[in-house]
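Engineer: Read off the chains here:
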Amino acid sequence: MRIKICAEPFEPWHEVQAYQQSAISMAGKFGATSIFIGTMRDFNDGDDIQGMTLEHYPGMTEKQLEKIVAEAMQQWPVLDALIVHRVGDILPNEPIVLVAVWTSHRGDAFDASRYIMEALKSRAPFWKKELLASQTERWLLKNTDGYL
Amino acid sequence: MRIKICAEPFEPWHEVQAYQQSAISMAGKFGATSIFIGTMRDFNDGDDIQGMTLEHYPGMTEKQLEKIVAEAMQQWPVLDALIVHRVGDILPNEPIVLVAVWTSHRGDAFDASRYIMEALKSRAPFWKKELLASQTERWLLKNTDGYL
Amino acid sequence: MSIKVRYFASLKESVGRSEQCLEITGLLTVADVWRVANPDKTMPDNTLAAVNMDYVALTDAVEDGDEVAFFPPVTGG
Amino acid sequence: MSIKVRYFASLKESVGRSEQCLEITGLLTVADVWRVANPDKTMPDNTLAAVNMDYVALTDAVEDGDEVAFFPPVTGG
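Chains as they are written, first to last, in my numbering: chain A, 8 to 155; chain B, 8 to 155; chain C, 139 to 215; chain D, 139 to 215.
Check each hint, because a few of them may be wrong.
[Said to hold, decoys possible] Listed below are the simulated DSS-like cross-link pairs for lysine-lysine, each with C-alpha atoms no more than 27 Å apart in a straight line: (1) 149(B) to 74(B); (2) 74(B) to 36(B); (3) 70(A) to 11(A); (4) 74(A) to 36(A); (5) 150(C) to 149(B); (6) 149(B) to 11(B); (7) 128(A) to 70(B); (8) 136(B) to 74(B); (9) 74(B) to 11(B); (10) 11(B) to 36(A); (11) 142(C) to 74(B); (12) 11(A) to 179(D); (13) 179(D) to 74(A); (14) 149(A) to 128(A); (15) 74(A) to 11(A); (16) 142(D) to 36(A); (17) 136(B) to 142(C); (18) 136(B) to 179(C); (19) 150(C) to 128(B); (20) 142(D) to 136(A); (21) 149(B) to 179(C); (22) 128(B) to 36(A); (23) 36(A) to 179(D); (24) 136(B) to 150(C); (25) 36(B) to 136(A); (26) 150(D) to 36(A); (27) 36(A) to 36(B); (28) 74(A) to 128(A); (29) 179(C) to 142(C); (30) 149(B) to 70(B).
[Stated by the list, open to error] Selected chain A positions facing chain B (in silico; Cβ < 7 Å): (31) 20; (32) 30; (33) 34; (34) 38; (35) 43; (36) 48; (37) 52; (38) 100; (39) 114; (40) 117.
Keep in mind that the hints were calculated from the coordinates and are not lab data.
Ideal Cβ positions, reconstructed from N, Cα and C, are used throughout, including at glycine.
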């Protein structure tokens with residue numbers, strides 16, 4: 008398992024590939040990889056968005072993410088998992104979050120990655136402040152439910 | 008939408024990245040990408056597997072995959088989708104299939120990619136023949152249900 | 139009429155050929171095409187059929203120039 | 139006892155500080171920590187609380203040396 012908080016832009020494909028290659032013991036054993044990438048959009052709630060600042064709670068963020076992955080591993084036979092999350096100043100079209108899960112069978116990969124992503128959204132201490140094209144700043148007040 | 012049948016090994020990260028970069032109109036519009044990768048394992052049904060041959064029905068395979076993506080686009084607001092599927096002789100640890108879906112919101116990306124993957128498994132004309140470590144060959148008889 | 143018949147995977151191996159052309163007369167269903175093409179072999183229970191690369195029922199009619207394919211359950215992905 | 143109090147995001151902006159140290163006596167709950175730290179400000183309804191980086195209920199007790207954090211609903215991912 009790897010949990011990584013990035014203050015600089017990251018390249019999701021590079022992260023997944025590098026992690027997979029480092030996880031030698033998985034080679035030949037995993038049949039399914041489910042990957043979710045959240046990317047910053049240039050619009051939200053009807054407004055044009057120019058940028059975003061992502062604040063987090065160093066230490067608690069990692070602790071909660073580790074707990075979430077451990078929960079997923081108890082519910083599904085997960086071989087390995089990787090989470091990368093951006094913090095700091097973010098521009099539209101930059102990746103915000105990456106969740107990757109490796110399993111033997113595909114149903115488990117889909118279920119576990121979605122579980123991790125929803126739990127991250129509701130429990131990992133990150134906060135987004137949007138900078139609108141009008142130069143107004145606004146904190147996002149709540150998250151949406153990704154199962155709807 | 009891109010449907011690609013590959014007779015040679017492919018690199019999933021390269022395929023997704025290249026396709027995403029070519030789809031200029033999506034930039035800033037997609038917030039969610041859900042990617043599934045199926046990889047050949049070195050075991051199945053209790054046996055060690057040395058290799059696999061994937062046969063397909065050229066023409067019908069593409070036609071059915073296009074239909075499946077069109078169905079997903081009718082059910083969810085999918086911005087774009089990419090399917091890459093390997094055919095021919097495959098070795099353990101090589102990718103077999105890649106499904107990538109881009110949407111504005113994460114729930115749609117998870118739902119649509121899983122729908123495409125399950126429909127591909129049950130309707131796209133591909134057939135796997137395994138070469139066991141014992142040098143015996145066997146055709147796979149049926150697929151598993153990925154929602155279980 | 140002229141019908142192209144194709145076989146895939148394990149079915150191709152068990153009928154011993156990958157394709158054949160049939161010249162036949164009269165109205166025929168997909169199941170009839172199998173019987174004409176394989177008089178000595180019953181179609182396996184789980185066989186799938188396609189006409190012109192779309193799935194069909196065995197009771198569907200075929201037309202002149204159709205490509206009819208028979209194959210076992212698919213196992214890709 | 140000594141309690142470190144931390145605030146994040148919009149709550150940090152509205153209380154006007156990111157952290158403070160409290161020296162207090164007696165048994166206290168998380169909600170009490172807020173009242174001592176912010177006598178003039180009611181805690182917003184949707185405030186979340188953590189002690190030593192784990193989520194807690196506002197009625198949970200705090201102990202000497204605890205780090206207590208208050209923050210609004212999380213919006214990452």
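Engineer: Decide, hint by hint, whether the structure agrees.
Structural biologist: Verification of the hints:
1. Between residue 149(B) and residue 74(B), the direct Cα distance comes to roughly 22 Å. Compliance with the 27 Å bound is thereby established for this hinted pair.
2. Straight-line distance between C-alpha atoms of residue 74(B) and residue 36(B) comes to about 24 Å, which keeps the hinted pair within the 27 Å bound.
3. Restraint check: the Cα-Cα separation between residue 70(A) and residue 11(A) comes to about 11 Å, which is no more than 27 Å; the hinted pair holds.
4. Between residue 74(A) and residue 36(A), the direct Cα distance comes to roughly 24 Å. Compliance with the 27 Å bound is thereby established for this hinted pair.
5. Taking the CA atoms of residue 150(C) and residue 149(B), the gap is near 17 Å; set against the 27 Å cutoff, the hint holds.
6. At most 27 Å may separate the alpha-carbon atoms for a hinted pair to count; residue 149(B) and residue 11(B) meet this at roughly 23 Å.
7. Proximity of residue 128(A) to residue 70(B) is assessed by CA-CA distance (about 38 Å); at most 27 Å being required, the pair is judged violated.
8. For the hint pairing residue 136(B) with residue 74(B), the CA-to-CA distance comes to about 26 Å; that is within 27 Å, so the pair holds.
9. At most 27 Å may separate the alpha-carbon atoms for a hinted pair to count; residue 74(B) and residue 11(B) meet this at roughly 14 Å.
10. Taking the CA atoms of residue 11(B) and residue 36(A), the gap is about 25 Å. The hint holds against a cut of 27 Å.
11. Only pairs whose Cα atoms come within 27 Å are accepted, and residue 142(C) paired with residue 74(B) is accepted, the gap being roughly 24 Å.
12. Restraint check for residue 11(A) and residue 179(D): the C-alpha separation of about 36 Å exceeds 27 Å, so the hint is violated.
13. Between residue 179(D) and residue 74(A) the alpha-carbon distance is near 33 Å, which puts this suggested pair outside the 27 Å criterion.
14. Among the hinted pairs, residue 149(A) with residue 128(A) is consistent with the structure: their alpha-carbon atoms are about 10 Å apart, no more than 27 Å.
15. A distance of roughly 14 Å separates the Cα atoms of residue 74(A) and residue 11(A); the hinted pair therefore holds under the 27 Å criterion.
16. For the given pair, residue 142(D) sits about 47 Å from residue 36(A) by alpha-carbon distance, which is inconsistent with the 27 Å threshold.
17. In summary, the hint linking residue 136(B) to residue 142(C) is supported, as the alpha carbons are separated by about 25 Å, within the 27 Å threshold.
18. This hinted pair checks out: residue 136(B) and residue 179(C) have alpha carbons roughly 23 Å apart, not beyond 27 Å.
19. The hinted pair formed by residue 150(C) and residue 128(B) meets the criterion: a straight-line CA distance of about 20 Å does not exceed 27 Å.
20. Using a Cα cut-off of 27 Å, the hinted pair residue 142(D) and residue 136(A) holds, with the two alpha carbons roughly 25 Å apart.
21. Between residue 149(B) and residue 179(C), the direct Cα distance comes to roughly 22 Å. Compliance with the 27 Å bound is thereby established for this hinted pair.
22. The suggested pairing of residue 128(B) with residue 36(A) holds, with an alpha-carbon distance near 20 Å, which does not exceed 27 Å.
23. With a C-alpha separation of about 56 Å, the suggested pair residue 36(A) and residue 179(D) falls outside the 27 Å cut-off, and the hint is violated.
24. The hinted pair formed by residue 136(B) and residue 150(C) meets the criterion: a straight-line CA distance of about 13 Å does not exceed 27 Å.
25. Proximity of residue 36(B) to residue 136(A) is assessed by CA-CA distance (about 19 Å); at most 27 Å being required, the pair is judged to hold.
26. For a cut-off of 27 Å, the pair hint linking residue 150(D) to residue 36(A) is broken: about 47 Å separates their Cα positions.
27. For the hint linking residue 36(A) to residue 36(B), the alpha-carbon distance of about 36 Å lies beyond 27 Å, and the restraint is violated.
28. With a C-alpha separation of about 14 Å, the suggested pairing of residue 74(A) with residue 128(A) holds against the 27 Å cut-off.
29. For the proposed pair residue 179(C) and residue 142(C), the alpha carbon gap of about 18 Å is at most 27 Å, so the pair holds.
30. Only pairs whose Cα atoms come within 27 Å are accepted, and residue 149(B) paired with residue 70(B) is accepted, the gap being roughly 21 Å.
31. This hint holds: residue 20(A) has a C-beta 3 Å from the nearest C-beta of chain B, less than the 7 Å allowed.
32. Using the Cβ-Cβ criterion of 7 Å, the hint placing residue 30(A) at the interface with chain B is not satisfied: the shortest such distance is roughly 12 Å.
33. The interface hint given for residue 34(A) holds, since its Cβ lies 5 Å from the closest Cβ of chain B, which is under the 7 Å cut-off.
34. Proximity of residue 38(A) to chain B holds as hinted, the smallest CB-CB distance being about 5 Å (cut-off 7 Å).
35. Evaluation of the residue 43(A) hint against chain B yields a held restraint, the C-beta minimum of about 6 Å falling below 7 Å.
36. Against a cut-off of 7 Å between C-beta atoms, the interface hint on residue 48(A) holds, since the closest Cβ of chain B lies about 5 Å away.
37. With its C-beta approaching chain B no nearer than about 12 Å, residue 52(A) sits outside the 7 Å limit, and its interface hint is violated.
38. Given the 7 Å rule on beta carbons, the hint for residue 100(A) holds: about 5 Å separates it from the nearest Cβ of chain B.
39. Restraint check, residue 114(A) versus chain B: the minimum CB separation of about 5 Å is within 7 Å; hint holds.
40. Proximity of residue 117(A) to chain B holds as hinted, the smallest CB-CB distance being about 5 Å (cut-off 7 Å).
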